[in-house]
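Visitor: Spelled out from the first residue to the last, the chains are:
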Amino acid sequence: MDAQEIIARRVARELKAGNLVNLGIGIPTLVANYVSPDLKVFFQSENGLIGTGPIPEQGLAHPLLTDAGGRPISALPGASTFDSAMSFALIRGGHVDVTVLGGLQVDARGHLANWMIPGKMVPGMGGAMDLVSGAKRVIVAMQHAAKGKSKIVKNCNLPQTSDRPVSLVVTDLAVIGFPNGNATLLETAPGVSVGEVMAVTEAELIVGDSVPEMKI
Amino acid sequence: MRAVSVEEAVAMIPTGASVMVGGFMGVGTPERLLDELVRQKKSNLTIISNDAATPGKGVGKLFDATLVSRLTATHIGLNPKAQQQMLTNQVAVDLIPQGTFAERIRAGGSGLGGVLTPTGVGTLVAEGKRQIEIDGRPYLLETALRAQFALVHAFLADYLGNLSYALTSRNFNPVMAMAADTVIVTAEHIVPVGVIAPDHVVTPAPLVDYLITNPNG
Chain A
1 MDAQEIIARR VARELKAGNL VNLGIGIPTL VANYVSPDLK VFFQSENGLI GTGPIPEQGL
61 AHPLLTDAGG RPISALPGAS TFDSAMSFAL IRGGHVDVTV LGGLQVDARG HLANWMIPGK
121 MVPGMGGAMD LVSGAKRVIV AMQHAAKGKS KIVKNCNLPQ TSDRPVSLVV TDLAVIGFPN
181 GNATLLETAP GVSVGEVMAV TEAELIVGDS VPEMKI
Chain B
1 MRAVSVEEAV AMIPTGASVM VGGFMGVGTP ERLLDELVRQ KKSNLTIISN DAATPGKGVG
61 KLFDATLVSR LTATHIGLNP KAQQQMLTNQ VAVDLIPQGT FAERIRAGGS GLGGVLTPTG
121 VGTLVAEGKR QIEIDGRPYL LETALRAQFA LVHAFLADYL GNLSYALTSR NFNPVMAMAA
181 DTVIVTAEHI VPVGVIAPDH VVTPAPLVDY LITNPNG
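Taken in sequence, the protein lines are chains A and B.
Take the first sequence: its position 90, counted from the start at 1, is 90 in this note's numbering, and no numbers get skipped.
Take the second sequence: its position 133, counted from the start at 1, is 133 in this note's numbering, and no numbers get skipped.
No lab work stands behind these hints, which were simulated from the structure alone.
No incorrect hints appear here.
Taking lysine-lysine and the DSS-like style, the derived pairs with C-alpha atoms no more than 27 Å apart in a straight line are:
1) 136(A) <-> 16(A)
2) 120(A) <-> 81(B)
3) 57(B) <-> 120(A)
4) 41(B) <-> 57(B)
5) 215(A) <-> 40(A)
6) 61(B) <-> 120(A)
7) 120(A) <-> 129(B)
8) 149(A) <-> 215(A)
9) 136(A) <-> 129(B)
Covered stretches of chain B (chain A as the covering partner; in silico rule of three or more C-beta atoms under 8 Å from a C-beta of chain A):
10) 21 to 34
11) 67 to 75
12) 113 to 119
13) 123 to 129
14) 167 to 174
Backbone N, C-alpha and C define an ideal beta-carbon position, used for all residues, glycine too.
Pulled out of the complex, with its shape left as it was, chain A reads as follows (with noise of 0.2 Å):
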């Protein structure tokens, strides 16, 4: 199984039954996979969508029917749509109960940084802000590494997303909480020692007696 794989498995644990669940571009995206259709999780897009449904068949596409990447997809039965700013009302007012995000940076207290590279990448925040700011739970779903340099930090470096702490990162080595302000190691990848996750994290790591293996 892959990193993405890992993750997204493991993030798609954390969704409960009717759950309204926005998620990213990139690896969270892929979450929609491992959930089971039984639970009855509603997907929203922001451009305006609850209840989003795979990529439509070759020949199926409806140009006015689209992801927040713009890219063709499919309602289900039982979706809605509305305008931008219902969306966003959805997402600030509490009414998204999980967002699933990527990250460049997650620091000790569980600020995340997600949207700008000084000088290198400055595309805009879209919609990242206000999720981060807004849902109820706010996952992080990125490798734990990137090039060899820990993406769990002491302190970002990059510019924050948001004041207030995530809830949840999810790793292809680790779940990491923030209870009580500070990172904490919760479960570790299936073959994965305390040991070896520690290694490859920057971020001081509060680890308990026991840490237990990640179910995926």
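Using the hints provided, position chain B relative to the given structure of chain A.
Guide: Using the frame of chain A, we list chain B on its own:
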């Protein structure tokens, strides 16, 4: 509401105008109005639009023709030309959170001076803005946003100018239709009055100033 040709409508927009354009990554964008802005070479435009779409699509066409001098948007990462014009200072770009973008426009069309939002507190977005505490929680004061023109794309428009929208092409169109001095609309279909049931009208006719006529009758 007056029905006019796309040429007549765009002739009313002066060079240097501020223009809101509906759409999200080019979906729900009034493409015929953008094509005509390019044909009439309306330059030095201040564009207020969620994103810069992609080259050749939606608002992206205005960047292809270098007609934009200022842009207020939430995301331009999928248009390398817009990025390039920002980095070389050809276009002054103001990037703001998408929910704030929607609410500032809604406020502009609703007689409000602005809104208080928690989004952006403690980030670069807060720089230069007033922070106001309510019940112990900090909010940013984000002021209302209006424009001289709103270019809106509907799914159905009736002969009076009542509008309804389809699927994800609704996005910013209804809020923009309230936040500009002059509202110009293109529609996928122009239909007789009554085809859009009162309960299904999203933008009521009095908000629409001009409806672009079909090119072939």
